[in-house]
Each structure stands twice: as structure tokens, then as C-alpha cells.
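We have chain A; now place chain B onto it with these hints.
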Amino acid sequence: MQKVNDSFVIHTQGLCKTFSIGGVQQHVLNNLDIDIVEGDFTVIMGNSGSGKSTLLYALSGMDRPTLGKIIFGGQNISDFSNDKLAKFRRANCGFIFQEVFLNDNMSIMDNILAAGYLSGRNRKQVYQEACERLIQVGIGKDMFNKFPSQMSGGELQRVGLVRAIINSPKVVFADEPTGALNSANSVAVLDIMNKLHADGKSILMVTHDMRSAIRGNRILYLKDGVILNEINLGNYDVLQEKQRLDTLKTFLDEMGW
Amino acid sequence: MRSIIKSHFHKGKTGFIITGLFIILSVLMMIIGLSICFGIDTLYQKARDISNSPDCFISVYESPYGESQARLEEFLKSADYVENYDLQEIYYLEKEEGESVDKRLEIYTTTEKGNTFLSSWVALNIDDENNAFKPQLRDTVEKEGYKFYVTGNFIATTMFSVGDNVRLAINGKTYKGYIAGIYDDMTRIYNTAYIYVSGELFQEIAKQADGDSRITREYNINIRIDNKDEVENARLQQQLCKDLESVIVQLNIDRLTQDPTLPYIYYDYSTRDIFTQGTKSFILLLGTALVAFSVIVAIIVAIVIGFLVRSSVFDEVRNLGVLKALGYTTGQLRLSYLAIYGVICGVCMIIGMALGICLMPAFVNVVTSMARLDCSKAISVNVGGIFLAVAFVLAVVSSVVYLSTAKVKSVTPLSAMRNNVQTHSFRRNRASLDKSKIHINAHLGIKSVVGETHRSIMVISIVLIMSLLCSFVSVVFYNLKVDQTAIINMSAMENADFYINFSNDDTTPYFDAIHNIDGFEADVRHTGIGLEIDGEYGRGKLYENFDYMRTDMVYKGRYPKYANEILIDYAYATEKGYKLGDSVTLHMEREALESDKSCVIVGYFQNLVDVCKVIGFLEILDGLYDISTYEDSRYFQHLIYFEKGKAPSADELSEILLQVDGGKVMFSGFQTGEYYIGSAFLDTVETAADAVMSVFFSITAIVIALLLVMLIKLKLLRERRNYAVYKALGYTSWDIMLQIAMSMLTLGIIGSIIGSLIGALTTSPILSLFGKYIGAGHFAFIIPWGYTVCIVLFISLLICAVSMLCAIPVRKINPAKHLRERG
Numbered sequence: 001m002q003k004v005n006d007s008f009v010i011h012t013q014g015l016c017k018t019f020s021i022g023g024v025q026q027h028v029l030n031n032l033d034i035d036i037v038e039g040d041f042t043v044i045m046g047n048s049g050s051g052k053s054t055l056l057y058a059l060s061g062m063d064r065p066t067l068g069k070i071i072f073g074g075q076n077i078s079d080f081s082n083d084k085l086a087k088f089r090r091a092n093c094g095f096i097f098q099e100v101f102l103n104d105n106m107s108i109m110d111n112i113l114a115a116g117y118l119s120g121r122n123r124k125q126v127y128q129e130a131c132e133r134l135i136q137v138g139i140g141k142d143m144f145n146k147f148p149s150q151m152s153g154g155e156l157q158r159v160g161l162v163r164a165i166i167n168s169p170k171v172v173f174a175d176e177p178t179g180a181l182n183s184a185n186s187v188a189v190l191d192i193m194n195k196l197h198a199d200g201k202s203i204l205m206v207t208h209d210m211r212s213a214i215r216g217n218r219i220l221y222l223k224d225g226v227i228l229n230e231i232n233l234g235n236y237d238v239l240q241e242k243q244r245l246d247t248l249k250t251f252l253d254e255m256g257w
Numbered sequence: 001m002r003s004i005i006k007s008h009f010h011k012g013k014t015g016f017i018i019t020g021l022f023i024i025l026s027v028l029m030m031i032i033g034l035s036i037c038f039g040i041d042t043l044y045q046k047a048r049d050i051s052n053s054p055d056c057f058i059s060v061y062e063s064p065y066g067e068s069q070a071r072l073e074e075f076l077k078s079a080d081y082v083e084n085y086d087l088q089e090i091y092y093l094e095k096e097e098g099e100s101v102d103k104r105l106e107i108y109t110t111t112e113k114g115n116t117f118l119s120s121w122v123a124l125n126i127d128d129e130n131n132a133f134k135p136q137l138r139d140t141v142e143k144e145g146y147k148f149y150v151t152g153n154f155i156a157t158t159m160f161s162v163g164d165n166v167r168l169a170i171n172g173k174t175y176k177g178y179i180a181g182i183y184d185d186m187t188r189i190y191n192t193a194y195i196y197v198s199g200e201l202f203q204e205i206a207k208q209a210d211g212d213s214r215i216t217r218e219y220n221i222n223i224r225i226d227n228k229d230e231v232e233n234a235r236l237q238q239q240l241c242k243d244l245e246s247v248i249v250q251l252n253i254d255r256l257t258q259d260p261t262l263p264y265i266y267y268d269y270s271t272r273d274i275f276t277q278g279t280k281s282f283i284l285l286l287g288t289a290l291v292a293f294s295v296i297v298a299i300i301v302a303i304v305i306g307f308l309v310r311s312s313v314f315d316e317v318r319n320l321g322v323l324k325a326l327g328y329t330t331g332q333l334r335l336s337y338l339a340i341y342g343v344i345c346g347v348c349m350i351i352g353m354a355l356g357i358c359l360m361p362a363f364v365n366v367v368t369s370m371a372r373l374d375c376s377k378a379i380s381v382n383v384g385g386i387f388l389a390v391a392f393v394l395a396v397v398s399s400v401v402y403l404s405t406a407k408v409k410s411v412t413p414l415s416a417m418r419n420n421v422q423t424h425s426f427r428r429n430r431a432s433l434d435k436s437k438i439h440i441n442a443h444l445g446i447k448s449v450v451g452e453t454h455r456s457i458m459v460i461s462i463v464l465i466m467s468l469l470c471s472f473v474s475v476v477f478y479n480l481k482v483d484q485t486a487i488i489n490m491s492a493m494e495n496a497d498f499y500i501n502f503s504n505d506d507t508t509p510y511f512d513a514i515h516n517i518d519g520f521e522a523d524v525r526h527t528g529i530g531l532e533i534d535g536e537y538g539r540g541k542l543y544e545n546f547d548y549m550r551t552d553m554v555y556k557g558r559y560p561k562y563a564n565e566i567l568i569d570y571a572y573a574t575e576k577g578y579k580l581g582d583s584v585t586l587h588m589e590r591e592a593l594e595s596d597k598s599c600v601i602v603g604y605f606q607n608l609v610d611v612c613k614v615i616g617f618l619e620i621l622d623g624l625y626d627i628s629t630y631e632d633s634r635y636f637q638h639l640i641y642f643e644k645g646k647a648p649s650a651d652e653l654s655e656i657l658l659q660v661d662g663g664k665v666m667f668s669g670f671q672t673g674e675y676y677i678g679s680a681f682l683d684t685v686e687t688a689a690d691a692v693m694s695v696f697f698s699i700t701a702i703v704i705a706l707l708l709v710m711l712i713k714l715k716l717l718r719e720r721r722n723y724a725v726y727k728a729l730g731y732t733s734w735d736i737m738l739q740i741a742m743s744m745l746t747l748g749i750i751g752s753i754i755g756s757l758i759g760a761l762t763t764s765p766i767l768s769l770f771g772k773y774i775g776a777g778h779f780a781f782i783i784p785w786g787y788t789v790c791i792v793l794f795i796s797l798l799i800c801a802v803s804m805l806c807a808i809p810v811r812k813i814n815p816a817k818h819l820r821e822r823g
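Top line first, the protein sequences correspond to chains A and B.
Position one of the first sequence corresponds to residue 1 (our numbering), numbered consecutively onward.
Position one of the second sequence corresponds to residue 1 (our numbering), numbered consecutively onward.
Isolated chain B, as found in the complex:
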């Protein structure tokens, strides 16, 4: 038996090596993909532990300071799901109207895409010894001045970078410092920037707080939930927020009952789950894509092994017959094939595992940048993933080998002696030369396509799969990188020319300046709010009107026309069973004493990246709260629209705005739409698109090249005598190389055209099928037909080049030598 196995190995070395490479690729990708998918939940939990983040925080502003602390602490001590908490003194700094340049209270930076004046932020004390959730710092730099530490998310979504100089002016005193590093916090991501400063500066701010109304003393409670299960933990996070909110609402009721003139207790909270949801879907997509690719490579392995085993049985029919005559059973002969492929599979799986473990850190880096956290130690190769990958590949290989050797059953000593020549043959002469109108080499190439059905089906299948993948990836790439209309439509983010935040309500001089810019079209006010939808926490986006919207957010239904109409997140609506025409009750979280607002759902929007659940008219705010208190322009973001092609550059607009009112800067920064959406998510997906595109095209090229190397080597081995005869008849080496290339090219063109077309046409439906789990159930990606043609050309050229190169050994075929070999 051992000698039979050895004989199999020596006769098909090239095939085995290439099959082995595919097995390695499949195993390593599946291990990495599964490790990412399986590790996603623990990733965030470990990242929480590494970064020492809480699960929730609540910031409370009240006057007098600290009155509610006891009630909240009492609740937290009684809540059995709370693991621990701490209480932090913090300062909220906000720039006020009428500040001169010298009195700016802000962090400032500028880039070519716009400029940012961070007008309001929260200062936390990095040297606070009582902080149970003291952050882990990274990417730290040392410079002269006060140190400011910001979150990774802050760096990712703003124009600030580590090392930037920062100036803080309070009551005429200026504190110069710099962004000294990053801390990872998984709760503080929205609305306000939470910045840790050195204890020294923190004390300075505290001292100044009494004399500056722009600085308010607040406290912050960081809480960690006592539950290791991420799903349950997330549920408890939301539960905790609701419970804390109830405590504060009751506190407000008690206070107002005692004295109606007392001010409200204001609060803001966020959870780790909200942060997680923003990045988790993309990381899961990466993991799933790797697993899917691994499965595809495994299918290729199955096709290749099927072909090799069948070819081997066909070629070895005489030997198999002799072995049967000697007494070997069918089972033993099939086992010999299983044994050789088992050995190859085992060796390659070990190599695949080793490579998977070695390459994991590279993928972890990608995951880290996607998660906007330093979580490189939070994810590692998953043992379950290794087990599943090994089991899957082993099952595929063994079942394919077993099925492919079925033909051994029908081999008898007699049929083997006749070299499998059948008494009756029903073969048809396809693509006969007598009707040929094309060049003889091309015709002979095509003839070999129809004459070797198994090989042709295999090549077409593999090229089809690979071109389908390339087409799929290119459609995604085009829509993420080249024409982003479709993906922006799914992001629920408007793509105005500029987003401007003002620092006071006297915006007239600025708008006069903006209105005078040639091509000015509109200014639309917009704000984001926290609210409850039928009692469940959510976030909403409100617009003054929808007349100038460039992002077509409406997936189904229509834009709101009246103040009580809203759009609702499709995934959320599906989860909750909301239908078009249903009514929901909205409730502002801060204004618990105000009345609820009933709104009608008139359309769905898709929500690929944002956590927004509701989109409606600004007037809704009026129903939830007295909008007049919001009349101050600084509560709104202004979306500025210009006519197509007439928008000024960020530099030009900056110049214009800085000249208003004698250089007295009254706006708190602006961003271009491109930057606004880019920083939110497009930059991440663009980077991913580049990487995925290059990886997929490289792997496609490698897979196709390896396949051709194997097939052509096999063909040269099996057909060397025919080629020797061709040469004797007068065919040159070049003629034969052309025939080989033509046969492969024909198969490649067929496979790539079918694959590219299927890929292009099915990208959106497939993404929609999986996208509904991440909030995007309807992808309407543009099909870039030019790319589809390029894929066919790329694969065709690749096949042509590789075939010609692999066929070069034809030159060594000496007709005299080969024809002298008898038998």
C-alpha cells in the first residue's frame, strides 16, 4: 500500500503542491476570519479591560453642585448588576458670545480641509487618584506645555493630531499646551469632547471656574456592569441608563415639588454598546469576508482535487487493473488516494495554522484601526476557529477524494488490459476542422476545450468564481471609493458643501458674507438630539427642511412634509415591527417634564454607520421642547449649499469668514461635506476598499496562475507525444504555445465574462441579504461596467501571459526523441 501511495505522489507532484497551496490559503483565511468573528464580543470586552473603560457614564450638571450624588450612589450600591463605579469631578468649558481673539476658550487647529475650533469640551483630571477608570495612555509625545489627552475616536473623527499645539485662554490668562497622547475610552464618543488634562491644569481650570460663567463644575459617574456576556452586558447598559434617568427624573420632581424655582438637574450619558455598534459591523464584515473567501478557496480545492483524482484514475487505469488482478480491493485503492491527500492536507493545514497565527497580528492591526481602539492585545487566534477550519477543510478534501475515486469501482482487470477502450463509443467530434474559418492554432486550441470536458469545466468554474469575486469587490470598491453616492445614501448623513457651527446667535454678518458668494444656494439648520422612541433610548437628526438634501436617505416611503412626520431607521423599524403609517411617541431625554410628541412614520432610511434612529423636521423639537430656547444659532449646525460646481474651497471660505466683522471670529469652525462624511466613516471604508481590492485581485491572480501552472504542466506531460507529432508535421513551438494559450484563454474568457456579469449583477442583492443584519437592507450600488470589462481583460491577459510562460517547455519537446519512445 505504501508503494502505491508513493507512486501517486511521484506522478502528481505539481498538482499536489498547488492543491497544498490552496489548502494553506483556505485554512489560514478561515482561522483568521473565524478568530475575528468569534472574538468580536470578547474583543470589546478585553479592549474595555485593557483601556480600563467603564461600561457607562453619566454626567450630571446641577446647582448646587453634588446634591444628587447621594441618591445616585445609593441606587448604584443597590443595583446588583453594577460591578463598581467612581465619581469624578469634571469641568465643562464653553465659549461664549463676544469673546475676542485673545480670550478664546478653545482648542484650535487647521488643515486644508477646513478648520476646527473646539468651542466646548469637558476637562477631566488625569492625575485624579480616585479615578477607578484611569485611562491607559498611548502614542504619547513629550513637549513643552500643558498636556491634553484625547480619545482615539476624537483623533479619527476630527482634524486634530497628536502633538498639535493647543491654547486655552481663561479670563485673560493663557495656558499653552499640546495634545500629548491618546486614551481609549469606549463610552465618550458623542457631542462633547472629553479631554484629560494634567492635574496642574485641572486645578487651574477649577480655580478659574468661579470667575468664569463659561466653565461649569459637573460630576461624572463611571460605571462598570457585572456581567461578562457581551449581549447581556449591552442590555444591562441600557437598563442602567434608564434606571439612572428615572432616579434623576424623580429627583427633579422632588426638588420642583419643594421649590418650583429650583433649576433642573441636567444629565448626559452614553454607553459602551453605542460605541461598539458604530464599528462592530465593519469588523464583522471583514471577518465574514475572510471566511467567505476561505470557503471559496476550499471550493476551488474541491474542484482541483476532483479533477486531479479523476485524471489520475483515468491515466492509471491499467495499473489499477493490474493491482486489482493482484488482489487489491476497490476500498484499498480508494484508500490509497485518501491517504495521499490526507497526508498533504495534514501537512498543509499545519502550515496554514502556523501562517494564520503569524499573520494574525497584521489583521489585528486592521481591526484595531477599524475599532478606533488600541485593542491589538484584545484579539488573538481562536482555538475554536482553528478546530472549525481544520474540520471544514479536512471534510471537504476527504469527501471530494472519496467521491472522485468512485470510478475505481468500475475498473476491472479486463478493462484495464484494454486500456479502458470501450466496445461502443458515443463520442462526438466537436468543433471539427472541416468547418473551420479561424486560424488553425486558434481552432486546435478551442478543440482541446471541447475535447477535455472535465478540465474545461474546472477552469471555467474556477475562473468564474474568481472573476465573480473580483467583480463583486470592484463594484464595492467603485461605490466606496469612486462614486460614493450609493453608500452615502445609506449612511443617513447629508452631504452639504459645508457644515458650520457658530459661536453666537448673531449670524447675520456671516450669512451676509456667505450669501454674497457666487453660487450660494441655501443654509439649512440641523441638529442631533437624544430622545426616546416609545420609551426606548435613541438618537435623532432634525433638519429645518428637506428641500436641498443631496443624500437620498429615503429607502422606502418619502421625506417628511409636515412637522409630525418622521423617517425611521429601517433595521430598527424591522426589529420593532414599525410599518409606514404607524405612529410613535418621541420624548426628549433631558426634558422629562415636557409632553411627548406623537409622530407618523412616512419613510425608512438606512443607517449603515450612524446610531441615528429618527430623522424629522426641526419643528419636532418645538413639540418636545420650547424651541425658542434653541433659537441661539450655536445650538445648530448650519448646512451650507452652493450651486453645483460653484462651491468655494475650504481655504476661500475660511478667508471670507475670518474677514467678517474685522477679524472677530464668531463661528466655531466649519468642515467640508467631504470631510464631515469622510471622518465619520468614508475614510475607514475607503482604506478598507483599497486593501480589499488589492488583496482580492492579487489572490485572484495567484489562484489563476497556480491553476494554469498545474494544468499546463499536466497537459505537457500527458500530451507530449501529440505535441511531438505536431512538431513532426510542421507545427512550431510557438504554434503549440499559442494553441495552449488559446485553449486556456477561451475558457478564461467564458468564465470571466459569466463570473463578472454574475458578480456585477448580484453584488447589491447579496449585500442587501447580509446588510440587513447591520442596518442596511437595501444596497443599490452602481454597477461600473467599465470595471467589469477591465476584469475580463485583466483575467484574459493574465491567462494569456501565464499560459504562454507555462507552455515554454514545449520548446524542449524533441519530436525524434519522443516518437522513438515506443508504447
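In isolation and in its complexed conformation, chain A is listed as follows:
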């Protein structure tokens, strides 16, 4: 196995992803080398169709690269079988989706436990942790047994966030987590993500929303399947929000966004 910098939680070499659409090959990721540093809140930005989500799914082991290597936590996951990848994900990855994707036939607590029990930890501890996390994100006990259809979008995303972190993954992957939320709910969700980051969690988020992007400390700009450039904003501070926003705007302008 190739030696990589210990501070990189994810490292890719020559990552390529090609889709065949109507018989035409479309190269979405082109020979991409990228390092995700442990403890960073990394944000990937780019225009629609630039390959942001494809990159996120590839890095998280949900999708396989067409070519290249992905070294995640020191393991080359691009060689893993589907089942091995699944097992890898349950221990190392947490996911937050734009549409949350909770199972409608299960209560929110069961949605979280269905992920939590996979870790093999003591079930009481998992349940206890789920309760604590839900309360931390503002979901009261009286809502634990509610079904997704009985909750608002903001509440659902917070539940999705708890589900993502219930197994204490190495990296939390977020695909447009605030894309379907109103401004207040977006702020609430992003605040929680910043808190997770402050607690040392590595986060990799895909977004096209600048207000969400400034929550990260490292912003990567993806264009035509390659990282065009990146900027380091430092850790998020609510008092410096405007300044971070300006800096990001300038950066994005430079990127031709």
C-alpha cells in the first residue's frame, strides 16, 4: 500500500469517473488527485454538472471510480467488493442527503437505530446516544416515535444528521444538506455541523450555496471534473461571517462561478 500522509483521511490518485449516457462516454471526474485532511470541514463547490456529487459518492465508497485509487483511512477502497465497501461505510462514513431519505415506514428513532445497530455496539448505549443526540439537535422525546411524514423538513434533516453521526464515522459526507430547507432551518443544521467540526469530526460537504460553504474551513472548486483551485478560510466564526462571505465570493468570481 502506498504511504500517504497520516493527516489525510482520504487521498485519491488519478481518480476518474466516466458515465455512458446514450452510448456517449461522459468523463465526469478527470484524473483527480485530492487529499481530505482529518478534522477539516471541507466544502466542494462548483457549477451544476461539475461532478461535485459524483466526487462525494466516489470518495465515500458509495460509487466506484472508473480509474484511479481512493485511499480512505489508509485502505485502498477502490479494490473493495460491494459488500466490503458496505461494511467499510458502516464504520467510517456518515451521510446527510438533501432529501434526507428516511424510511417512511419507520419512526425517526428506528431510522437512527437501523443505522446505529449496524456498528455492533451495545444496543442500550446506541439508543442512549441516539436520544442524547436527538435532544441536542432539538428533537424532543415526544417526537422519537413519530414518522417522517409527521415532521417538518428542518426536523427531518436534523434527524438525518443524527443518523449520520450515530456510529461516530471518520468522515461525515453531506450532499447539499440545506438544499431543501428554509433559511432558519438551514442555519440550525449548519450550526450543528459546525459544532461537530469543532468536536473534531471530519466533514466533506457538497454545496452550491455560499452561506453553507462559508461554514467550512477549506473550499475546493471543481470544474469539468478537476479541482481548479482551493481556498482556506480557517475555522468558522460567526462574528467573521461577512468577511468569510466576501473572501469566498472573490474566490468564486476568480473561478468564474
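If you're looking for bench data, these hints aren't it; they were derived computationally from the structure.
Hints should not be assumed to be uniformly reliable.
As the list claims (entries may be wrong) - Cut-off 27 Å, straight-line C-alpha distance, at most; resulting in silico cross-link-like pairs (BS3-like, lysine-lysine): (1) B:481 - B:541; (2) B:377 - B:280; (3) B:134 - B:377; (4) B:207 - B:143; (5) B:812 - A:84; (6) B:407 - B:541; (7) B:46 - B:13; (8) B:324 - B:407; (9) A:84 - B:481; (10) A:87 - B:437.
Just chain B, lined up with the frame of chain A:
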């Protein structure tokens, strides 16, 4: 509207295909079942025409020959219900005491189950040009020697087969021949074998008759009734027998009045109805079973369609709302569902009809073997049956579709836009994970069981129905094939170790030999007689005693203890209103001048196969007739009992008996109890049991497999995004396959346990309910609990295997691909 119907079809292809298969199965089984049930009466009538059988025959023995012919013919010409008749010269051949091996007058064969010496039989002339009922021959073979033709029933109930060599010795002259074929005759089934021989041999027998007292010249009148209605025809058959009997009784009175020393005119008769009754019930049972199964499949069709339509309405709520917003009425939308299911139903019914017509010959073969007749051309697909099957299935499908689409009424454009999300929800989180103690996959499987109530109810219902059927069939199979105690008890047939017929009354050396066999227990004399019960023709079985009976024939009451006590057939008693303690008058048919005997009914027996109506003590015979004339052992069958496990084999017994008296064979054959009862009916029901068991289990497997294929395909389609999320969270394909299998398995176990238990416990009551129409109102079948457990295991394993196989496409679910699809 057409585009809506097309859209329904494209969205639910798998469901439609599987529903269609069930409709085909239901239609074809109902057509075949109804054709058998509706065709049963015409079957026997057509079989009569095909085989050219009469409806009745009467054999008359008198001396001098032919004196009564004119009186009988006069009566037959005057009877308006007689279509035609013929008069046949026949010869009755009987072996007599003291014959040497070389002088045997018999047909002989031997098998591993015993051996048969056909000591008395009737020869008929196959080349008799005056025979109006000349038989149609089948299964003929050509060999060197004289030809003997026997009935299909004879082949079925004896050890003889077509092609067997036969030797006939008369006055030192030996005639060698073989069984050259089968003729179907629907009247000649009891007591004596009626065998057609070639004209040449018949003339030889006629020549020898003068010099051999063992050969008696008789005549036979075959009569056909002029009535096409089978029920009325059967009534007239009995009427004719009584009328003929009256003529002969009057003849005897006239003769004895003139000269008291003149011998009686003896006669014997039988009817087609007696033959029919012996097999009709089993054929009707087969037809009824097919119809019942078809109805069950139709119920499954109803459940499946109900589920599919409701699911479709639920899934399509948004589209339905949009269509309503565009101006479609509820009626039009419901009609779109009716139209698609109507089309599927129509196509499948046509396929079902075609298959029914194609498969009918296979079922006709089964019916043919059950009827012991070559009646393959006598039964065909019944148009009424087709009409009823089509009407029934169409009614089921259309009513279920109509009822299941009721929900369309409540769909409004507004509710559709909200994707049917209700303002208030009272859903409860059942089987929550926080209390889970079992494996997460098992729990999620069970959770989907309680979360999808409609689907769960459907699967449980169908598995329940199928396991109930399997359980029912397995109980029947066990009692017909494995432990036959209960069915033998219902047959009114005793199950002794051996049945022996002797050819002379000096049985001492034989019984000395039998008594010396280790474990010998008893010898019980038994005979069957024709008699009248309160003036109605019937048959009786008389036993010397009931002390060693192994068959528990008594359904209600007790065995007779005294000579004037009898058991009576329960179905017959019910029909006639006889109660325990009532008295009936018995009268021997041949001995019209003897006094009647009054007997008390002390118990009922069930009579599944025999035509016996009365069971009593041998002493009853003494009251009806001078039993001393019957003292000759050859008039009785001897039931030989050995202690349990000590009975010799048929070969051993044969060896012992053949060595008695220096090889001078004086017994006219023996059979094992197993063979005796087997040839009477068990062989037929065993074959049927094998066939029914394999058919039912195969159909159960197919129905359950098809159901699972449909449900799992539907589930994978509807739940693919949830499974993609599961995969993203770290569940492997195997985990998800296990969850699917667990959910189906849970439903399968619940359904199969309930179904098997109900099936096992209700088999006897259900059979009793229907059995009373065929003479068996009380089934007490043994419940084989091991089989019940096996059914649950079989269905569970099947569900597990099929679910896992059907869930394999889970492997193709790519989380990234499915989660990228928005909305």
C-alpha cells in the same frame, strides 16, 4: 382512457402476469372439475353404449332348461320401460370335490400376494350372433390357444392379467388358452366371473355339459331400459329386478302347485346401477376436489387483485388526482382498472379454456381407471362447465376490482398534490427497534411485516389457504396410504391375515395344517348374500362371530351379540329412517318360499366402497334358509387370523397348503387381507392419494413461488430508494436479502402454522360433512402431526429459498445511482 389503461399495464406487468397465471389455473381446473361432475351421469350411460352393456341381466337355472323363458319374455315384451333384451345360452362351470390335479376345472394364476384358483365361472359365447349386447373388446393379445375374455373389473379385482395362460380340464380333456382381452360390462361384477370364450370352445363346453355334472346349462337375459335419465333409469333397473323376481316366484309357485317334487327355478341378477355406485363416489370426489381447488385459486386471485389494485391506487394517488383535476370522473378511473383486469381476465380465460380442453384427456384417463371401464370417449369438456367457470371467474375478478377501487372516490386533486399526506396521522410505530433483542436484519424484516399490513394479510391468507390444503391432503394421504386403519374401518371390509376358499367340505387336513402354524389364532367363516331388507334389494355380509374383528366397522352402537341382531349401513339407515333398536325384515332373494327373519338394528357401519347394507351373524342365514345346506365349506370364505407379527407370508402358507394330502389341492385359492382389501378399493385410493398429494404440493409450491416473485419484485420496485439508503448506511446486499426473506418467512410461518393446524383438525369434520352423501358420515382420520410439522417446514424452506432468489436483484441496487435520482 386508452392511455390510462396502457399506463396501468406497464406499471404492473409482473402482477398482471402472475394474476393471469392464477386465473388460467382456476379456469382450467373448474372446467375439468365441472365437466367430470356434470358428465358423471352421462359418462356411465355413454360407457354403456360404448361397451354395449345391458342395464340389467338375470341368469336363470332350471331343470328342464328353458321352461321359464316364455313367461319371462312375455313379461319383458309387455313392460313398457324395457327397450330391448336378448337371450343367451350360458354354461356355469363349478369344480367339484375330489378332483385330481389333472382334472382341474379352473382358471389358475399365481402371484407373490397369493394365488387364485377360479373354481366357478360362467362361460359366454363371444361368437354368438344372437347376442344383442355383444361386448366391445380391448387390450387384446394374440397367442396360441383358446381365447378367454374377462371384464375390466375382473382384472382390477383379481390377480389375473391379460395374456395369462389358462387351462381348462373337462372329463380328462384339457383345453389350453389365455386371457386374450378385456370386455367392459357394467352389470357382471359380483359372485361369479363371467368369461367370454371363443365359439369353438363354447361348443366344446356345451358338448361336455351332458357328461359332467359340474357344468350346468343356464340362460341369461340381458335387458336395456328405455330411459335416458340416469336417475330414473337406475330406479327402473331396480323395478325390473323386482318384477322379474315376481315372475319367477309365481312360476315356482305354479310349478310346485302342479308337482311338489319339481326343483326350484334359481336365478341371479345384477344391475348397472350397482356397478356404478361402486365407483361413482370416487369420481365425483375427484371432480369436486378440482372444483374446490379452483374456487380456492379464485379466492387467491381475488386476494392478489385486491392487493394490487389497492397498492396501485395508493401509488398512483398523485396521477389519479391530476386526472381528476383534468376532468376524469371516479367512474371513469374505476373503469380503467376494470378494463385492464377485464382484458387480462379474458385472455387468460381463453388460455385456461384451451388448456382445460387439452388436459381433459389426461383427467379422463384417471376417471377411466377409477371407473374400471374404457370410457375415455364417454366424457369430454362440458359446455355448461365452461360457461360456469368463465362466469364465476369473471364475476370474482370484476367484483374484486370494483370493490378495491373504492378508494379512488376519496382521491381529490388536493389530496393528490399533498401526496396523500394526512393532516392527522394515528399511525403507531410497531415493533420499534429500541426494544429489539434479535438480529437487526431479522428485526427489520419483522418490522416490514407489521408496517405493511395489507401485504402481510394477503401473504398470510394465501399461505394459510395453501398450507390448509396441503395439511388436508396430507391427512388424507396418511390415512389412505400410510396407516389405513381409519379408511378400512369405513369400508366395512374385515382385514384378516388370509382369506381362503375351499373346494370341498373336508377342510380338516387343511385346518390341521393351519392350526399347526406357529401363532395361529382363529378361523372365522364368512359369506356374502343377496337379500331383501323390508322388501328392498340389498346385500349382506354374515360372519360366524365378531370376536376377532380387526376392522372396527361399528360407527355407532355395538357389534351384534345374538343371532337376530344386525349392523346396518349408516347412509342407508339415514335414507330409510332406521334407528338403533328398530326391527327390519330380512328375506333371502333365492328362497322366496322360506320365512322372513326379523332382526334388530344394534349398530351402524359405514360403507365407503361396498354395496353391503347389512352385517350380521352367520346364524341369520339359518333363519332365512336351512343352513345345513350351506355346511359345505366351499360356500364360505374362511378368515384366518394369526397373532400379531406371526402370520406367515403368502408363499409360506401356499407351500403349507399345497403339501396337504399329498399335493391333492382341495382349496380353491387364498388371498392375503392386504390384497383382498387392496384389490377392492385401497389400490385405487392409494394411487389417487399419490397423485393428489404430488399435485397439491406442486401447485402449492407454484402458487407460493409466484406470489413471492410478484411481491418481491413489487417491493424491490417500491422500496429501491430505501434499500439504496440502507446500502449507503452500510447494509450489505446479503443483509437486505435476509431482511426480505425474514419478512416473508415470518408471514409464511404464521400462515403455514395456522393453516396446517386448521387443515389437520378440520379434515375429518369436512370429510364427514361431504362423506355422508357417499355413505361415510363419520371420518375419524388419524392426524399425522409429523406431516403437519413437515408442511410448515416445507413451506418455510420454500419461502426462504424463493425469497432469497427473488431478492438477488438487490445486489444491483447502486446507492449512488438511486440517491442521485431526485424526487
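Hints versus structure:
Restraint check for residue 481 (chain B) and residue 541 (chain B): the C-alpha separation of about 26 Å stays at or below 27 Å, so the hint holds. Proximity of residue 377 (chain B) to residue 280 (chain B) is assessed by CA-CA distance (about 17 Å); at most 27 Å being required, the pair is judged to hold. Of the pairs offered as hints, the one joining residue 134 (chain B) and residue 377 (chain B) holds, with about 19 Å between alpha carbons and a cut-off of 27 Å not exceeded. Straight-line distance between C-alpha atoms of residue 207 (chain B) and residue 143 (chain B) comes to about 25 Å, which keeps the hinted pair within the 27 Å bound.
Our distance criterion of 27 Å between C-alpha atoms is met by residue 812 (chain B) and residue 84 (chain A), whose separation comes to about 15 Å. Restraint check for residue 407 (chain B) and residue 541 (chain B): not satisfied, since their Cα atoms lie roughly 66 Å apart, outside the 27 Å limit. With a C-alpha separation of about 46 Å, the suggested pair residue 46 (chain B) and residue 13 (chain B) falls outside the 27 Å cut-off, and the hint is violated. About 13 Å separates the Cα atoms of residue 324 (chain B) and residue 407 (chain B), which keeps this hinted pair within 27 Å; it holds.
For a cut-off of 27 Å, the pair hint linking residue 84 (chain A) to residue 481 (chain B) is broken: about 53 Å separates their Cα positions. Note on residue 87 (chain A) and residue 437 (chain B): the hinted pairing holds, with a Cα-Cα distance of about 22 Å set against a maximum of 27 Å.
Of the numbered hints stated above, those contradicted by the structure are hints 6, 7, 9, listed in ascending order.
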